[in-house]
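As they're listed, the protein sequences go chains D and U.
Numbering-wise (my numbering), the first sequence opens with residue 1 and increments by one.
Numbering-wise (my numbering), the second sequence opens with residue 414 and increments by one.
No lab work stands behind these hints, which were simulated from the structure alone.
On a predicted model such as this, the values are computed, not experimentally measured, just so you know.
Each hint should be verified, as a subset may be incorrect.
With a Cα cut of at most 30 angstroms, we get these calculated DSS-like pairs of lysine-lysine [as the list claims (entries may be wrong)]:
hint	chain 1	residue 1	chain 2	residue 2
1	U	K805	D	K158
2	D	K52	U	K473
3	D	K362	U	K775
4	U	K752	D	K169
5	U	K805	D	K169
6	U	K615	D	K343
7	U	K582	D	K392
8	D	K401	U	K571
9	U	K473	D	K50
10	U	K582	D	K169
11	D	K343	U	K814
12	U	K610	D	K401
13	D	K267	D	K368
14	D	K392	U	K473
15	D	K392	U	K752
16	U	K571	D	K343
17	D	K197	U	K756
18	D	K158	U	K756
19	D	K169	U	K784
20	D	K197	D	K158
21	D	K202	U	K756
22	D	K202	U	K814
23	U	K571	U	K582
24	U	K752	D	K401
Protein chains: 2
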Amino acid sequence: MISSLSCDIMKNVKYCKCVRCGKEYAAVPDITTCECGGILDVIYDYEYIKTKLNRDVLAKRDEPTMWRYRELLPIEEDTAPAGLRVGMSPMYEAPNIAADLGIARLYIKDDGINPTSSLKDRASAMAVTKAIEAGIACSSTGNAASSLAGNAAKAGLKTYIFVPARAPKGKIAQLMMFGANLTAVDGSYEETFELSKAAIDKYGWYNRNAAINPYLSEGKKTVAHEICEQLGFEAPDFVAVSVGDGCTVAGVYKGLYDMYMVGLINKIPRIISVQAEGCCPINTAVMTGEEWQPQEENTYADSIAVGVPRNPDKAINAIKDSNGICVNVSDDEIREAQKYLAKNAGVFGEPAGVTATAGLMKLSREGKLDKGATIVSIVTGNGLKDIDSAIKSAGEPVHCKNDLAQFERLFFS
Amino acid sequence: MISSLSCDIMKNVKYCKCVRCGKEYAAVPDITTCECGGILDVIYDYEYIKTKLNRDVLAKRDEPTMWRYRELLPIEEDTAPAGLRVGMSPMYEAPNIAADLGIARLYIKDDGINPTSSLKDRASAMAVTKAIEAGIACSSTGNAASSLAGNAAKAGLKTYIFVPARAPKGKIAQLMMFGANLTAVDGSYEETFELSKAAIDKYGWYNRNAAINPYLSEGKKTVAHEICEQLGFEAPDFVAVSVGDGCTVAGVYKGLYDMYMVGLINKIPRIISVQAEGCCPINTAVMTGEEWQPQEENTYADSIAVGVPRNPDKAINAIKDSNGICVNVSDDEIREAQKYLAKNAGVFGEPAGVTATAGLMKLSREGKLDKGATIVSIVTGNGLKDIDSAIKSAGEPVHCKNDLAQFERLFFS
Chain D
1 MISSLSCDIM
11 KNVKYCKCVR
21 CGKEYAAVPD
31 ITTCECGGIL
41 DVIYDYEYIK
51 TKLNRDVLAK
61 RDEPTMWRYR
71 ELLPIEEDTA
81 PAGLRVGMSP
91 MYEAPNIAAD
101 LGIARLYIKD
111 DGINPTSSLK
121 DRASAMAVTK
131 AIEAGIACSS
141 TGNAASSLAG
151 NAAKAGLKTY
161 IFVPARAPKG
171 KIAQLMMFGA
181 NLTAVDGSYE
191 ETFELSKAAI
201 DKYGWYNRNA
211 AINPYLSEGK
221 KTVAHEICEQ
231 LGFEAPDFVA
241 VSVGDGCTVA
251 GVYKGLYDMY
261 MVGLINKIPR
271 IISVQAEGCC
281 PINTAVMTGE
291 EWQPQEENTY
301 ADSIAVGVPR
311 NPDKAINAIK
321 DSNGICVNVS
331 DDEIREAQKY
341 LAKNAGVFGE
351 PAGVTATAGL
361 MKLSREGKLD
371 KGATIVSIVT
381 GNGLKDIDSA
391 IKSAGEPVHC
401 KNDLAQFERL
411 FFS
Chain U
414 MISSLSCDIM
424 KNVKYCKCVR
434 CGKEYAAVPD
444 ITTCECGGIL
454 DVIYDYEYIK
464 TKLNRDVLAK
474 RDEPTMWRYR
484 ELLPIEEDTA
494 PAGLRVGMSP
504 MYEAPNIAAD
514 LGIARLYIKD
524 DGINPTSSLK
534 DRASAMAVTK
544 AIEAGIACSS
554 TGNAASSLAG
564 NAAKAGLKTY
574 IFVPARAPKG
584 KIAQLMMFGA
594 NLTAVDGSYE
604 ETFELSKAAI
614 DKYGWYNRNA
624 AINPYLSEGK
634 KTVAHEICEQ
644 LGFEAPDFVA
654 VSVGDGCTVA
664 GVYKGLYDMY
674 MVGLINKIPR
684 IISVQAEGCC
694 PINTAVMTGE
704 EWQPQEENTY
714 ADSIAVGVPR
724 NPDKAINAIK
734 DSNGICVNVS
744 DDEIREAQKY
754 LAKNAGVFGE
764 PAGVTATAGL
774 MKLSREGKLD
784 KGATIVSIVT
794 GNGLKDIDSA
804 IKSAGEPVHC
814 KNDLAQFERL
824 FFS
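Starting from the given sequences, assemble the full structure and let the hints guide the process.
See the structure below:
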């Protein structure tokens, strides 16, 4: 059965497989979910990939982007990657924060340094690349939207975008500027998703929802490839990631799994899954061992305010398979982490972007972090995306006239 | 005289020289302006640098940051560069825009992809590196402030920052988050500068104002080094840059001059200096041939709203020495360029960030661009820094309920 499915043009990909029922599908560009409703995973031929990809090949490769790991991506050999420069974001060691947390080493992977200022660019670049293969327009829901709009603008693709009306102004500004056909949906993320799906079904647009389109987690996983390479292929003990829809954590795990399967790292790090207390259906499912249940979206961290996650299966598997840890944090803890990380690491993340670090701070306070641990915390988006929240957290500046005496009274008395 | 000035620890630097009276000074870390009030330029030993830096060396160098051009920078050989990953921003070819403008090739250098989302990070990284050499706290005025705050936070340096109270909220949010000691000055950029200088004089902080501190343009110039390397050392015909204080255009010219002097390019591109009509003292001086005169600050492009430029000499020399072109654009033309560039190149710049491109669009409309020209347009900052302006320009999204019929009426009827 597999041989009839295998994709002649993607030698590195075997097929897509439903994570729920196990049914296999040929990896065509516009595939979405399984007929059982389950989401698909892309299955690679790691033995083949091992013959093409190793440390020496990577060391000689002059490609400082996510496409550096092309052998591990579901694209055709002659497909030109979408145009914006996505990936190979900086990773900083933060010894001062590691000391505060009581661990051996902490690295901050700043994925806010991407063309549209979030990790979502990795999935959008993949979506645009696959949409060009399929030759159709693109649609997206939610917070990945501004990223799709930018990457599609560069590629000259038309986009239809749906966001919950609550989306922060920075993302709206990006969307309007990138010339997306933008609809602000008066309703929850769930309702936004439904309207998007109805329109996609009717008009046949390419679906950039990372939970429905199995290729998009494959874009996101490149952040984990980079982490491994940036650590000299020494796997960290833990990778902390903020979790909303579940696609990012699933992608991170998949990237680590890839690197392990092709022999580039010798263990798979444990995932630390961090959600907001006010919206934590995935962590709740892992912690209770029960089926996930919809929750309210009670957090100001808009990118992870997902009460009905669309990728629960892959996310829950990722956390469990890595022997992961779940931790939920309050909005106040997220605000505290945002200021702490900016002040101590020079990295200004959006609320959802710093939620992973908030989780580490909480685990540290509770004495649950191993002293010898090496941890990577992923910052998934830039703080400039949500300025109003940032100013609310950090406060307003002191005002002063051009008067040194007044200045001195304000600061030094 | 030169030998007694030459810096034993910086073999590549001869001395600093006043651009007005020609007086020479030893290149110590905390040098500022000449006793005549003129600003200093760092003079290199290009013959020495030629023996250390060439295409082969660069091709083998695994350093995708501004410190890649270390031989051309005024830092000691054993100085570790400041911590955030600054530079090697992407440069995109934009054939669709080149066709619109009627030129052969256009490249967009997106310097909004830097740790704090602007080109200013290049100067701030230099400032922090030199401040660490000098071992003191750092101060800054104006729009470079958020950049200094981020770079200093990473390095653990304390900062005192002064911004005009009109600074857009994105920059304020960054400053507060990075934990700067921030003063919003109720007054113009000029008054802000004066208060900053008074406080620096009193407290002996390291001065990060790029017009007073001669090293900072040396950081900014790395954008030009990268442009040359990214074009395979084929110099473009023109480099378009938005101009406010004058430090960026001076830095761009210096970087091109460096590359020419060490033999890495065979001509110096002509500078296209673009200012806002409502605040264009430098262009006015070049166009009239007279001394520059202070002007009002009548533009919404806050980063270049500088009525009293602090680096007029170097800026005016840069434009003249490159046989440059001056063009002034209205705020409406800047707004148009912002939307055009985002929609057609996938690059969302702040108003001052897209002003160079606005200048190209105007020159094109006036039939003043050469059909065979290759032009690089520098985008100096990310649009997320000034979201309110962006939304004002681009408009608000269409609102819709979760109702496909309503959606269709809105978009397809």
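Status of the hints after comparison with the structure:
no.	hint	verdict
1	U:K805 / D:K158	holds, 23 angstroms
2	D:K52 / U:K473	holds, 23 angstroms
3	D:K362 / U:K775	violated, 54 angstroms
4	U:K752 / D:K169	holds, 16 angstroms
5	U:K805 / D:K169	holds, 11 angstroms
6	U:K615 / D:K343	holds, 26 angstroms
7	U:K582 / D:K392	holds, 11 angstroms
8	D:K401 / U:K571	holds, 22 angstroms
9	U:K473 / D:K50	holds, 26 angstroms
10	U:K582 / D:K169	holds, 12 angstroms
11	D:K343 / U:K814	violated, 41 angstroms
12	U:K610 / D:K401	holds, 14 angstroms
13	D:K267 / D:K368	holds, 21 angstroms
14	D:K392 / U:K473	violated, 47 angstroms
15	D:K392 / U:K752	holds, 29 angstroms
16	U:K571 / D:K343	holds, 10 angstroms
17	D:K197 / U:K756	holds, 25 angstroms
18	D:K158 / U:K756	holds, 10 angstroms
19	D:K169 / U:K784	violated, 40 angstroms
20	D:K197 / D:K158	holds, 17 angstroms
21	D:K202 / U:K756	holds, 26 angstroms
22	D:K202 / U:K814	holds, 17 angstroms
23	U:K571 / U:K582	holds, 22 angstroms
24	U:K752 / D:K401	violated, 36 angstroms
Checked against the numbered hints above, the structure breaks hints 3, 11, 14, 19 and 24 and satisfies the rest.
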